[in-house]
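Undergrad: Line by line, the protein sequences are chains A and B.
Per our numbering, the first sequence starts with residue 26, numbered consecutively.
Per our numbering, the second sequence starts with residue 2, numbered consecutively.
In case anyone wonders, no lab produced these hints; they're calculated from the structure.
Yeah, the Cβ is synthetic: ideal placement off N, Cα and C, and Gly gets one too.
Hints may be right or wrong, so weigh each one.
As the list claims (entries may be wrong) - Sample of chain A residues at the chain B side, in silico, Cβ under 8 Å:
hint : residue
1    : F70
2    : N81
3    : Y128
Stated by the list, open to error - Cut-off 20 Å, straight-line C-alpha distance, at most; resulting in silico cross-link-like pairs (SDA-like, lysine to any residue):
hint : chain 1 : residue 1 : chain 2 : residue 2
4    : A       : K82       : B       : G2
5    : A       : K26       : B       : K72
6    : B       : K43       : A       : Q42
7    : A       : K82       : B       : E3
8    : B       : K59       : A       : K38
9    : B       : K43       : A       : T136
10   : B       : K58       : A       : G28
11   : A       : K38       : A       : Q62
12   : B       : K23       : A       : Q66
13   : B       : K23       : B       : K59
14   : B       : K58       : B       : A20
15   : A       : K82       : B       : D28
16   : B       : K43       : B       : E84
17   : B       : K43       : A       : G87
18   : A       : K26       : B       : N32
19   : B       : K43       : A       : S47
20   : A       : K82       : A       : G67
21   : B       : K72       : B       : N4
22   : B       : K59       : B       : E80
23   : B       : K72       : B       : K43
24   : B       : K43       : A       : L135
25   : A       : K82       : B       : K72
26   : B       : K43       : A       : L138
27   : B       : K43       : A       : I51
28   : B       : K43       : A       : L106
29   : B       : K43       : A       : G65
30   : B       : K43       : A       : R34
31   : B       : K58       : B       : K43
32   : A       : K38       : A       : L138
33   : B       : K43       : A       : Q69
Said to hold, decoys possible - Non-contacting residues of chain A with respect to chain B, defined by C-beta distances greater than 12 Å in every case (computed):
hint : residue
34   : R40
35   : G41
36   : T45
37   : S47
38   : S58
39   : R80
40   : P86
Single-letter residue listing:
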Amino acid sequence: KAGVTQTPRYLIKTRGQQVTLSCSPISGHRSVSWYQQTPGQGLQFLFEYFSETQRNKGNFPGRFSGRQFSNSRSEMNVSTLELGDSALYLCASSLVEGTDTQYFGPGTRLTVL
Amino acid sequence: GENVEQHPSTLSVQEGDSAVIKCTYSDSASNYFPWYKQELGKRPQLIIDIRSNVGEKKDQRIAVTLNKTAKHFSLHITETQPEDSAVYFCAASNPYAGGTSYGKLTFGQGTILTVHP
Numbered sequence: 026k027a028g029v030t031q032t033p034r035y036l037i038k039t040r041g042q043q044v045t046l047s048c049s050p051i052s053g054h055r056s057v058s059w060y061q062q063t064p065g066q067g068l069q070f071l072f073e074y075f076s077e078t079q080r081n082k083g084n085f086p087g088r089f090s091g092r093q094f095s096n097s098r099s100e101m102n103v104s105t106l107e108l109g110d111s112a113l114y115l116c117a118s119s120l121v122e123g124t125d126t127q128y129f130g131p132g133t134r135l136t137v138l
Numbered sequence: 002g003e004n005v006e007q008h009p010s011t012l013s014v015q016e017g018d019s020a021v022i023k024c025t026y027s028d029s030a031s032n033y034f035p036w037y038k039q040e041l042g043k044r045p046q047l048i049i050d051i052r053s054n055v056g057e058k059k060d061q062r063i064a065v066t067l068n069k070t071a072k073h074f075s076l077h078i079t080e081t082q083p084e085d086s087a088v089y090f091c092a093a094s095n096p097y098a099g100g101t102s103y104g105k106l107t108f109g110q111g112t113i114l115t116v117h118p
């Protein structure tokens, strides 16, 4: 099976712009979670989607949003970008929700100038 | 919410030695504890995980132990090799906190492991 894929792999944006990142889970996986990875804060949970519903949200401002489609693909959106949003954004998929093994994608490296 | 502390932040060993990384968690309801290895510029990869109904799990040179009473779990790597050099992350998950936590993983800060040939 193909692994989790994310597009684009790299993005450069300027402050105030918005960005959309995409994640395609492993075939058959229905749960997608998003994480932000930075050198200072480590890996932090953003949100989780299952069956097109947001199940949980981390402690991030409302500028961060996401959605999941009927084919389990997910997108996350960040509006009004700030310098501090520069990070590696990782998505992870799992077969079902709950304590199931999560497999990570390669991430999207976002740089905000 | 859950808080995971990981130690040490850096670990340097000689090839062939053992390496131990320890994590403590705060939420006694957490019941799933994975370990991920992340090489430079690559995605985190699951190397081993343990659930709260098990005290120890082994996979070749890698083992994880869990002490639910003390709320800590450890990663043990024996006979280390240079290719084990990477950042290792522990994580904890509680699917039932507030009825909505589901698959949220709370990660430790990571341990940079360097294995010298």
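Undergrad: Would you mind marking each hint as holding or not holding in the structure?
TA: Now for the hints, and whether the structure bears them out:
no.	hint	result
1	F70	holds (5 Å)
2	N81	holds (5 Å)
3	Y128	holds (7 Å)
4	K82/A <-> G2/B	holds (12 Å)
5	K26/A <-> K72/B	violated (36 Å)
6	K43/B <-> Q42/A	violated (27 Å)
7	K82/A <-> E3/B	holds (14 Å)
8	K59/B <-> K38/A	violated (44 Å)
9	K43/B <-> T136/A	holds (17 Å)
10	K58/B <-> G28/A	violated (25 Å)
11	K38/A <-> Q62/A	holds (17 Å)
12	K23/B <-> Q66/A	holds (19 Å)
13	K23/B <-> K59/B	holds (16 Å)
14	K58/B <-> A20/B	holds (16 Å)
15	K82/A <-> D28/B	holds (18 Å)
16	K43/B <-> E84/B	holds (14 Å)
17	K43/B <-> G87/A	violated (29 Å)
18	K26/A <-> N32/B	violated (28 Å)
19	K43/B <-> S47/A	holds (18 Å)
20	K82/A <-> G67/A	holds (17 Å)
21	K72/B <-> N4/B	holds (11 Å)
22	K59/B <-> E80/B	holds (14 Å)
23	K72/B <-> K43/B	violated (30 Å)
24	K43/B <-> L135/A	holds (15 Å)
25	K82/A <-> K72/B	violated (25 Å)
26	K43/B <-> L138/A	violated (23 Å)
27	K43/B <-> I51/A	holds (18 Å)
28	K43/B <-> L106/A	violated (25 Å)
29	K43/B <-> G65/A	holds (18 Å)
30	K43/B <-> R34/A	holds (12 Å)
31	K58/B <-> K43/B	violated (26 Å)
32	K38/A <-> L138/A	holds (6 Å)
33	K43/B <-> Q69/A	holds (17 Å)
34	R40	holds (26 Å)
35	G41	holds (29 Å)
36	T45	holds (20 Å)
37	S47	holds (16 Å)
38	S58	violated (6 Å)
39	R80	violated (5 Å)
40	P86	holds (17 Å)
Checked against the numbered hints given earlier, the structure breaks hints 5, 6, 8, 10, 17, 18, 23, 25, 26, 28, 31, 38, 39 and satisfies all the rest.
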